[in-house]
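> Here is how the chains run, residue by residue.
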Amino acid sequence: MPRCVTLEEELAAAIEAAGRGAPPPDFAAWALRVFAHQFEHNAPYRAFCTRRGVTPATVARWEDVPAVPSAAFRQVDLACGPPEAVFSTSGTTSAAARGRHLVPHLALYRASALATFARFVLPDAARLPCLSLVPPPALRPDSSLVQMCVWVGEALARGIAWMVGERGLETERLLARLAAAETSGEALLLLGVTAAFAQLFQACRARGRAFRLGPASRVVDTGGQKGLTRPLSRPAFLRECWTLLGIPGYYCVNEYGMTELCSQRYDSALDDRFHGRSLAPRRLAGPPWLRTRVLDPDTLAPVAPGASGLLCHHDLANAGSVSVVLSEDLGRAVGDDGIEVLGRVAGAVPRGCGLLLADLEPS
Amino acid sequence: MSAETSAQLRARLDAAVAARARLRGRPLRHTIAALAAAAERWRDDASLRADLPRAARLSPAMIAAVVPIAAEALDAATMSALAEREWGAGAAARPAPPGPALVAHVVASNVPALALPAIALGCLAGAAVLVKSGRDDPLSAPAFQRALAAVDPVLAATVVTAYWPGGEVAREDAALGRAAVVVATGGDATLAALAPRLGRRLIAHGPRWSVALVGRAGAGDVDAIALDTALHDQRGCLSPHAVYVTDDARAFAERLAAALDGLGARLPPGPASVDARAAARLVAAEAEWAPGAAVLGGAGGTVIYEDVPAFRPTAGRRTVRVHPLRHVRELPELLPPGRIECLGLAGIDPAPLVAALRARGVARVCPVGRMQRPPLSWPRGQHAPLGVLLGRRAEPLLEVEP
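Quick mapping for you: the protein sequence lines, in order, are chains A and B.
No gaps in the numbering here: position 246 of the first sequence is 246 in this note's numbering, and each next residue is one more.
No gaps in the numbering here: position 364 of the second sequence is 364 in this note's numbering, and each next residue is one more.
These are calculated hints, taken from the structure and not from any lab test.
Careful: at least some of the hints might be erroneous.
Stretches of chain A that chain B covers, calculated by requiring three or more beta carbons in the stretch to come under 8 Å of a beta carbon on chain B [claimed, not checked]:
(1) 143-155
(2) 306-316
(3) 323-334
Which residues of chain B face chain A? A few of them, derived with a C-beta cut under 7 Å, are [what the hints assert, rightly or not]:
(4) ASP275
(5) ARG277
(6) GLU286
(7) ALA290
(8) LEU335
This structure is a prediction, so every number in the text was calculated from the model and none was measured.
Note that the Cβ used here is the ideal one computed from N, Cα and C, for glycine as well.
Okay, chain B solo, but in the shape it has when bound (with noise of 0.2 Å):
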């Protein structure tokens, strides 16, 4: 693939769109059903499965943990509802609306099979997909485009995968330039590269964090969390970096330390860089000195309890600040707008903060031990994921799942 000229990848996309235009008349019921079908068979590569931890450095037990998970967003029923909610009542049975010949997404390379939903959600809105892979994830949309090939070859001829090392600026302008709308998923250097590029044909997904809001906090919410923040080394932008507790927050801090603990040997954390380890070790090392808070935990991962409630992104490698909360209207308050993704809930009613939340730029609250199983139809960046791609103007979106 990195062989490939800027002509020969042209003409790829070219073909796709081409593919793509002979589909227009199919009703979406079978683009769900192939999709669906391709992530149960994406699922079982074992090709796939044996590559990805070294490319993703994640270990092993990580990739196995995580590979079901991508592939269960891409369930029909879920596809279908969110056609209709988007498209109206009976649009599974329908072709999509007009959009655009081609979407292309930049994907960013912190949590692995980000190609799956990209890929999902281009066909479900009728275009051809172009998807670039991430540097660390370079498998997982070849791998999904061959899944969907043996069950839907005409459906797979409108996707196209490729990797180029970001920065080259030829091979992008080549590749994005044919797109109507470019999703790009990565660091405020590589979006704001982008965005003079682009102009409005860009949705820019920056970085953004998660947190949790805990009342009394049952054991099973503890490894709840716990495994939210250790699913995918804490890499992703539904990851939390904070806790909020209205009870004890002190003994929850110990409990969830020790959670993470025992999760470490379940599941290993990945190789990291010097670079990430070392940014990891001065967080942990400036909280130790800085009045009225503690550092817990051990290999396992790190949790920093602060008595001052406020948002502090972690360096990762499953370190999350524990702070204490009055009350937990406070809580939006706490939170740099526009920089939080997602909200996970223990025993807190959310009623009353939605709306604070929506303002503050949250798209996503949900139970506890689900953060990192998020549904297709979650608003990133309080977007409609199909919406977005027609250019639909809507009000910024916050989906509570029950």
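Pulled out of the complex, with its shape left as it was, chain A reads as follows (with noise of 0.2 Å):
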């Protein structure tokens, strides 16, 4: 007897479509779909909207779905269904402060992670060795990074070898890995926390040694300045790959994900250089499933282009759990597809991947 398509199985194949060439999801009509789907399975949400009075039968637009705040995820379980994945936020505070982000539909994670990181890492279509700078999956089961990291290395990479142990970076092993590339002119795919290759540079400062990496290699970082033990400017951190890496700086591809996020957005810079808009202001842009609105704290409304406010995104992906997020972050919109993230809000809890190093080091 065939089985019902779900609606995030089949939301699933309409991202992979996507990622193969198709046109991508109707982001309006998905998301009162999705909406719907929330209200009816997920029961603290759905009580959370009913006390503002809202309900699938009242939202017209998408822009009137009710967000969560992220500060919502460290309170209660926000799921549509028994969760296939339980990925925790970092953070040096307590277990008990950090979010939960229970995943029903990891197929769906999956879908958009790579679908994404295809477009924005890989517009060449390059199958590049990956040296992640975060933990395997081992030592962070629970990290929802870490196992985007594993299915990059599974699906878009040639292999992914984890350069983090339980006592933080593996600097020798990774410098000497480094150097194997330089000499055979291979070109490799760095992924890892901005934290990790701060701990990178520093280390080739220290030890007077400078590579130049194969053409096409390239760098994804993450995480921004939380973790850092000073700060790393982006231009600084730019400069410091193309001078100890050898890696120019539209090779170099920063993301930015939340754990409550199946989606994420990448620097535009390579995607940009790929498809002849290299003069485009670098920005961090998404894929079609995912809207980020720059709003207005005291109003919730949208503020004036290019003004700064909370992102809230809105996340197709996200179909299992809740899909409207009011981040801790502050930002602003560049373009007409992307958002520059300015900080996170002041009090807000630290928390983040790029404190995954930090989760490692002795308290």
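Quick one: dock chain against chain with the hints and give me the complex.
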């Protein structure tokens, strides 16, 4: 007897098809379908919406779907069904203060993550050996970033080597691997948290060592300033990538993600370059199934274009939990499809994958 | 002022120290009278009242409310009593005891007019005074010096006011290096940057908050706590962030929310940065999902009822948590050590709590409604206000106001 295709399976298929060049899912229509699904199957979210007098019958526009603050993920489990995976936010605070994202359909997360990674990091369809500067899944099975790295290693790279161990970044092993790649002229995909790259840069400088990695090598970093022992501006990061790794700025792609989201945003530089838009401003762009609005903190209405406000993400790939998440990040819109993250709101709980290494360090 | 070089600033400091030497034999009562008279002139300074709202990012109505409060702290009788308490009987008739030639105050800008007590205490200690204003109030200090010059130019010559953006290390070292004592108020990062350069000369006042404890609350008590919360838009260390209620806390929370809404019309909030507004939004948004919590209130402020007693500061913007408390003796254990400045009381006898509060680092206990009206004798950070400038060691102080 044929099985019914679930909403999540249907959406995952649409996203995978979009990754292969098909038209993307119709955001507005899917947003309303997903909201109705979550209202029906996610009891805490339904209660939250009902308190506001919002139901699927009253919502006519995707912008009117109620947003849940990311802090809610620290308080309740928000899922539309039994989870296939539970991801936790990283942070130096107590485990009780960490958020949990229950993901009932990992295939949907996988479809979104890989399609987006391929578009923004591998627009040339290159398949490179990946060096991971995040902990392996055995050390951080609850990290959504680590899970994404696993998938990238399996599907979009020629294998993955984990360069972080129980005691943090394994610097000597990493330097040896970089030296081997330099000698062979092999291009690499370096994927990790910004703080780990900062440690790598420090190790290079301490040894007076700089590499010229093979052409088309690239860096993907995430986590920003979190976990850094000293500030590292974006221009300084790009300069270090060029000076110490031989990787030019347009091959350095910053990722912006949240444990509570199944879709990510990426620095547009590489995608723009491969599509003849090299003069476009650097921005964090995302897939068509992720929209981000910049909201006034008092009214939660959209701010004027270019003004700063709270970032509110609407991620269709979150169909299994809650799709609209009010983040604790401030940002502004850039161009038609991008954002710039200006930083975390003062007083927000320290968290984020930038702290993945800090989590491994003894307190 | 911003164009002033370090050398010019040092010259002004030298002149102030020389002026201070000429006053060493003068009885304190003249200083007290001059400070009180200057405070009254400062209070009535029309240009200050016109310009301060924009600088301090407080509404004009709020400035009109808080300027008289700042001025009244420099009451002559209060200053005489303080001098006598610290220097002994008859102190006002004598010169200040030997002490530092120059006291520097690095003043935060979360609350306006912090320069007034800084100048007054320095003068009462017999020192020349440098006040480095905070970014959001570079006006009050020079306005007060002008007022002082009008009533006592000799004393005014011992006071130097300055402003430069925080983090200008060369300027800071040039100015603060001359001082025997530096009293600095600011965030943890500001103080951490100063500490290694100033060593034991630094008296640091880091971020602190206040709370209130309420028994059976009358209508006046609710209004009083609302006012304590709203004044200075809850930006000061004397602003309550939590209220512990031994009676019906939920009902109290609803009354407090209504009172804050009422105050919002009379004392509208000033403009706030996106960051500050976002932080307040997130505090309320998180509470909406917390078990046993409820978010109350509207435009005038936010009251978060939480049924588990604890202390977590809010992000300001007139946001206050209300908790039930079974017994008042449980309160001190809830307070983070060294982080609570003032406890406001309504319908509670403070006597059984004093020892535990002192051990917790609380510096001041007062009736609700007076939390934002500290006398000059307030032992901020548990320090004797004058003695600390002379490096006198003393037991941590807790002042209980009747």
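> Hint by hint, note whether the structure agrees.
Now the hints, each set against the structure:
no. : hint    : result
1   : 143-155 : violated (count 0)
2   : 306-316 : holds (count 3)
3   : 323-334 : holds (count 3)
4   : ASP275  : holds (5 Å)
5   : ARG277  : holds (4 Å)
6   : GLU286  : holds (4 Å)
7   : ALA290  : holds (5 Å)
8   : LEU335  : violated (19 Å)
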